[in-house]
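Undergrad: With the hints as extra help, turn the sequences into a complete structure.
There are 2 protein chains.
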Amino acid sequence: MNIPRTSFPRVVIIGGGFAGIALAKKLSKQEVQVVLMDKHNYHTFQPLLYQVSTGGLEPDSIAYPIRKILKDFPNFYFRLAHVKEIDIEKNRVITDIGKLKFDYLVIASGSETNYFGNSEIEKYSMAMKTIPQSLNLRSLILENFEEALLTSDLNERNALMNFVIVGGGPTGVELAGALAEIKKGILPKDYPDLDTRLAQIHIIQSSDCILKGMSEQASKKAEDFLEKLGVNIWKNVRVTGYDGKTVSTNTDLTFETATLVWAAGVKGATIKGLDADTFVTKGNRLLVNEFNQVKGFNHIFAIGDIASMVNHEFPEGLPMMAQPAIQQGKQLGDNLLRLIDEKPMRAFVYKDKGAMATIGRNKAVVDLKNWKFQGVFAWFVWMFVHLFFLIGFRNRMVVFVNWVYNYVRFDREARLIIRPFKKKL
Amino acid sequence: MNIPRTSFPRVVIIGGGFAGIALAKKLSKQEVQVVLMDKHNYHTFQPLLYQVSTGGLEPDSIAYPIRKILKDFPNFYFRLAHVKEIDIEKNRVITDIGKLKFDYLVIASGSETNYFGNSEIEKYSMAMKTIPQSLNLRSLILENFEEALLTSDLNERNALMNFVIVGGGPTGVELAGALAEIKKGILPKDYPDLDTRLAQIHIIQSSDCILKGMSEQASKKAEDFLEKLGVNIWKNVRVTGYDGKTVSTNTDLTFETATLVWAAGVKGATIKGLDADTFVTKGNRLLVNEFNQVKGFNHIFAIGDIASMVNHEFPEGLPMMAQPAIQQGKQLGDNLLRLIDEKPMRAFVYKDKGAMATIGRNKAVVDLKNWKFQGVFAWFVWMFVHLFFLIGFRNRMVVFVNWVYNYVRFDREARLIIRPFKKKL
Numbered sequence: 001m002n003i004p005r006t007s008f009p010r011v012v013i014i015g016g017g018f019a020g021i022a023l024a025k026k027l028s029k030q031e032v033q034v035v036l037m038d039k040h041n042y043h044t045f046q047p048l049l050y051q052v053s054t055g056g057l058e059p060d061s062i063a064y065p066i067r068k069i070l071k072d073f074p075n076f077y078f079r080l081a082h083v084k085e086i087d088i089e090k091n092r093v094i095t096d097i098g099k100l101k102f103d104y105l106v107i108a109s110g111s112e113t114n115y116f117g118n119s120e121i122e123k124y125s126m127a128m129k130t131i132p133q134s135l136n137l138r139s140l141i142l143e144n145f146e147e148a149l150l151t152s153d154l155n156e157r158n159a160l161m162n163f164v165i166v167g168g169g170p171t172g173v174e175l176a177g178a179l180a181e182i183k184k185g186i187l188p189k190d191y192p193d194l195d196t197r198l199a200q201i202h203i204i205q206s207s208d209c210i211l212k213g214m215s216e217q218a219s220k221k222a223e224d225f226l227e228k229l230g231v232n233i234w235k236n237v238r239v240t241g242y243d244g245k246t247v248s249t250n251t252d253l254t255f256e257t258a259t260l261v262w263a264a265g266v267k268g269a270t271i272k273g274l275d276a277d278t279f280v281t282k283g284n285r286l287l288v289n290e291f292n293q294v295k296g297f298n299h300i301f302a303i304g305d306i307a308s309m310v311n312h313e314f315p316e317g318l319p320m321m322a323q324p325a326i327q328q329g330k331q332l333g334d335n336l337l338r339l340i341d342e343k344p345m346r347a348f349v350y351k352d353k354g355a356m357a358t359i360g361r362n363k364a365v366v367d368l369k370n371w372k373f374q375g376v377f378a379w380f381v382w383m384f385v386h387l388f389f390l391i392g393f394r395n396r397m398v399v400f401v402n403w404v405y406n407y408v409r410f411d412r413e414a415r416l417i418i419r420p421f422k423k424k425l
Numbered sequence: 001m002n003i004p005r006t007s008f009p010r011v012v013i014i015g016g017g018f019a020g021i022a023l024a025k026k027l028s029k030q031e032v033q034v035v036l037m038d039k040h041n042y043h044t045f046q047p048l049l050y051q052v053s054t055g056g057l058e059p060d061s062i063a064y065p066i067r068k069i070l071k072d073f074p075n076f077y078f079r080l081a082h083v084k085e086i087d088i089e090k091n092r093v094i095t096d097i098g099k100l101k102f103d104y105l106v107i108a109s110g111s112e113t114n115y116f117g118n119s120e121i122e123k124y125s126m127a128m129k130t131i132p133q134s135l136n137l138r139s140l141i142l143e144n145f146e147e148a149l150l151t152s153d154l155n156e157r158n159a160l161m162n163f164v165i166v167g168g169g170p171t172g173v174e175l176a177g178a179l180a181e182i183k184k185g186i187l188p189k190d191y192p193d194l195d196t197r198l199a200q201i202h203i204i205q206s207s208d209c210i211l212k213g214m215s216e217q218a219s220k221k222a223e224d225f226l227e228k229l230g231v232n233i234w235k236n237v238r239v240t241g242y243d244g245k246t247v248s249t250n251t252d253l254t255f256e257t258a259t260l261v262w263a264a265g266v267k268g269a270t271i272k273g274l275d276a277d278t279f280v281t282k283g284n285r286l287l288v289n290e291f292n293q294v295k296g297f298n299h300i301f302a303i304g305d306i307a308s309m310v311n312h313e314f315p316e317g318l319p320m321m322a323q324p325a326i327q328q329g330k331q332l333g334d335n336l337l338r339l340i341d342e343k344p345m346r347a348f349v350y351k352d353k354g355a356m357a358t359i360g361r362n363k364a365v366v367d368l369k370n371w372k373f374q375g376v377f378a379w380f381v382w383m384f385v386h387l388f389f390l391i392g393f394r395n396r397m398v399v400f401v402n403w404v405y406n407y408v409r410f411d412r413e414a415r416l417i418i419r420p421f422k423k424k425l
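As given, the protein sequences belong to chains A and B, one line each in that order.
Going by UniProt numbering, the first residue of the first sequence is number 1, and it counts up by one from there.
Going by UniProt numbering, the first residue of the second sequence is number 1, and it counts up by one from there.
Hints are computed from structural coordinates only; laboratory data are not their basis.
Just so you know, nobody snuck in bad clues.
Remember, identical chains collapse to one label, so a pair may be satisfied in a single copy or spanning two.
Derived lysine-lysine pairs resembling BS3-like cross-links, with alpha carbons at most 25 Å apart:
1) Lys84 <-> Lys422
2) Lys189 <-> Lys25
3) Lys423 <-> Lys272
4) Lys422 <-> Lys129
5) Lys123 <-> Lys423
6) Lys29 <-> Lys68
7) Lys212 <-> Lys282
8) Lys267 <-> Lys282
9) Lys189 <-> Lys39
10) Lys68 <-> Lys189
11) Lys423 <-> Lys129
12) Lys330 <-> Lys129
13) Lys29 <-> Lys189
14) Lys129 <-> Lys235
15) Lys189 <-> Lys71
16) Lys422 <-> Lys68
17) Lys282 <-> Lys351
18) Lys39 <-> Lys272
19) Lys101 <-> Lys39
20) Lys68 <-> Lys423
21) Lys26 <-> Lys189
22) Lys184 <-> Lys71
23) Lys68 <-> Lys184
Since the model is a prediction, treat every value here as computed from it, not as a measurement.
TA: Spelled out as C-alpha cells, the structure:
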C-alpha cells in the first residue's frame with residue numbers, strides 16, 4: 001500500500017465507526033501517522049438506520065465521508081479496503097489492496113449480525129447493520145406492498161403485509177414502532193385498494209422482557225407504547241427457522257411473512273490472524289485490559305463493539321453501544337500518545353450516560369443514572385441527543401428538516417424503491 | 001391486473017415523468033379511472049440528476065413517490081410494472097404483472113440514452129437518465145479516485161482521474177461544470193496525497209457549438225465559463241469508440257479515461273406493438289397530431305419526449321424537455337375530458353418559456369423569449385426555477401438546505417460510495 005514512511009510512528013485503525021473516528025480525531029495534529037481503513041468511504045450513524053429502512057430519512061443524511069472528517073490533518077491517510085488478515089508475526093495488515101506495516105494497531109471493526117449458526121435464517125432474513133442493508137429492507141417492504149395488490153390469494157397477501165421482527169432490543173423496538181406508524185398513517189392513503197388493517201407487526205423476544213439493557217420501567221412503558229400502536233409482542237419465544245415464508249419457533253406458534261427482520265443479536269467482527277482462543281471471548285469479542293490492549297499484546301488494541309472490557313459492573317464486557325465506543329476511542333487517543341512518550345497509560349473508566357429508545361411520535365423511553373422518564377419529553381430528548389451526536393452540520397440540518405416535516409405532516413416521504421431488492425434475487 | 005372496472009372510462013398512462021404526472025393531476029377528481037404504470041414507484045426530477053452524480057444532492061431529494069402525488073384521488077391506480085407490449089387489436093397493455101384493457105392509452109414513456117448502435121460504448125460508458133445510473137456514476141468517480149491512490153503507474157493514475165463527457169448539451173455542460181468545481185474545491189482536500197491538478201475534464205461535441213438548442217450568446221458564454229473552470233471543450237469531434245480505457249474519435253485525438261459519460265443523445269422509449277414505421281419518426285419518437293393523438297389512432301396518445309409534434313417552428317418535433325412535456329400533459333387532460341364529453345378537442349400550442357443551463361457557482365445562462373442573460377443573476381433564476389418545479393414541499397426544503405450549505409461552504413457532502421459500482425462488474 002502506497003503510504004510513505006515518516007519519522008512518526010504509524011497507527012493503523014481498522015474501522016471508521018464511532019470508536020475509530022473518535023480515536024482518529026484525538027490523534028489529529030499529533031506526532032503520529034494515522035492510517036484508517038474501512039470497507040466504506042463513509043462513517044455510518046447506525047442508531048438511525050431504522051429510519052432509513054422506513055423511509056423517514058434519506059440514507060445519505062446519516063452517512064458522512066470519512067475523508068472529510070479528517071481533511072485538515074496532514075498526517076492522516078484513509079484507505080478504502082477490506083482487511084483480510086492480521087499478520088501478528090510481521091506486524092502487518094493484509095488487505096485486498098495490499099499489505100501495510102504498523103507500529104500500533106487498533107481494531108475498531110465493530111460488530112456484525114449474529115445468526116447463531118442458522119444459515120437458513122441468514123439466507124432469508126433481512127439485517128439492518130449497514131446503509132445498503134437498510135435500503136434493501138426499505139425496497140423489500142415497498143415491493144411487498146406493490147405485490148400484495150396483485151394477488152387474489154388472501155394468505156399470500158397477508159404474508160406480504162406482515163412483518164416479523166426478531167429481537168426486542170432498541171433496533172427491533174424502534175423499527176416496530178416506525179412500521180406501526182406507517183401502517184396507520186401512510187399505507188391506507190398509498191394503498192386505498194388494499195385492506196392494510198390486516199398488516200400485522202410482530203416482535204419476537206426470546207426472554208421475558210423487551211429493551212433488556214434498560215430499566216424495568218422503560219421496558220414496561222415501551223411495551224405499553226408498542227401495544228397502543230398495535231404491535232404484537234411475543235415474549236419467551238425463540239425463532240428456530242424461516243424458509244422465506246413461514247417462521248417457526250420453539251413453541252406451537254408460527255408466522256406467515258415475506259419479511260423477517262433479524263435484530264436478535266450481534267457479535268464482534270473478528271479478523272483472521274487475530275482470533276486465537278486466548279483472547280476471543282463471548283460474543284466473538286476481543287478481550288482487552290483497562291488500556292484497551294488485546295490480551296497478550298502491547299501494541300495491538302481493540303475499541304468499541306469488538307472490544308470486551310470486563311469489570312465488576314459489566315462481567316460480560318461493556319455494552320455494545322455508541323457511548324463506550326466513543327469514550328474508548330478518545331481515551332485510547334490519549335493513551336497512545338502517552339505510550340509513545342513512554343509515560344504510563346491511564347485506565348479506562350466508563351461513564352454510563354444512560355440509554356434511550358424511541359417507539360414513535362411523542363413516545364420514547366430514557367434511562368439516565370438518576371432519572372428515568374418516558375413519553376413526549378423523552379422523545380424530544382431522544383431527538384436532541386441524536387441530532388447532537390450526528391456528525392456534520394449539513395447532516396444535522398437535513399435530518400432536522402426531515403424530522404420537522406415528518407412530525408408536522410405525519411409523513412415519511414422517502415418511500416422509494418431506488419434499487420429493487422426482490423428483482424435481484 | 002387486479003383493477004376493478006367502474007362505469008368511468010379507463011385511461012392508462014404509461015410513465016410517471018413530467019408529462020404523465022401533469023396529465024394524471026389534471027384528471028384527478030374527474031369522472032375517469034386513471035391507471036398509471038411506471039417501472040419506478042417514484043417520479044424523477046431529471047434536470048438535477050447531475051447533482052446526484054456529483055454528490056451535491058441526495059438521490060431521494062429529487063425523487064417523489066408517485067402514490068403520494070395522487071393519494072387524494074379515489075379513482076387513481078398506480079402499478080409498478082414493466083410494460084412489455086401494447087396489443088392494439090384488443091386495446092390491452094401487456095406487462096410483467098399482467099394484462100390490462102384500456103379505453104384510452106397515453107404513452108408518456110419518455111426517452112432513453114441513444115448510443116446510435118454502438119454496443120461497445122453502451123457497454124463501457126456511463127449514462128445519467130435515472131437515479132440508479134446517477135448513483136453508479138457517483139460511486140465510479142469516487143472509486144476511481146480511491147484506486148488512483150494505489151497505482152504507481154502514472155498513465156493509469158491519470159486515466160483514473162480523467163473524465164470524458166460526450167455531448168455538450170445541458171447534461172454534459174452541467175456535469176462538466178460540477179466536476180470542475182469538485183476538482184478545484186474538494187479533491188485537493190480529500191486526496192492530499194494525489195496531484196489532482198492532473199485530473200482533466202473533457203467535453204466532446206460533434207458539432208461546432210455547445211448548448212445547441214440555446215442562443216449563440218448563451219452558448220458562447222457557457223464556453224467561456226467552462227474554460228475558466230478549466231474544462232477542455234473539443235468541438236467538431238465525434239467519438240467513435242471506447243474500450244473501457246481509450247476513447248477513439250473520428251480525428252487523431254484519443255483520450256485515456258476510466259470514466260466516459262455518454263450524454264450525446266436520447267431517443268424515444270418506444271414500446272413493442274406500437275412501433276410501426278407509419279408513426280415512428282426520427283429519434284424513435286411517435287408522430288402525433290396537434291391533439292397528441294398518435295398518427296392513425298383516435299384513442300391512443302403520446303406526450304412528452306416520446307411524442308413528436310411537428311409544427312413550422314419545430315419541423316423535427318418539439319424539444320425533448322420538461323416544458324413541452326408538462327404543457328402537453330395538462331392540455332391532454334383537458335382534451336381527454338372533452339373527447340369523453342364528445343366535445344371538440346383543442347389544438348396544442350407550445351408556449352416557449354425559454355431554456356437555461358448552469359455551469360457552476362454563480363454561473364448560468366438563461367434564454368427567455370425577449371431577454372437573454374448570463375452570470376450570477378441567471379444562476380439565481382436557474383435555482384429558483386428548479387426549486388419551483390421540483391415536486392413536493394419536503395424535497396424543495398431539503399434541496400434548498402443543501403444548496404445553501406454547498407454554496408456557503410464550497411462543499412458537496414454526499415460523496416459516498418453506498419453501492420460500489422466497480423466491484424459488481
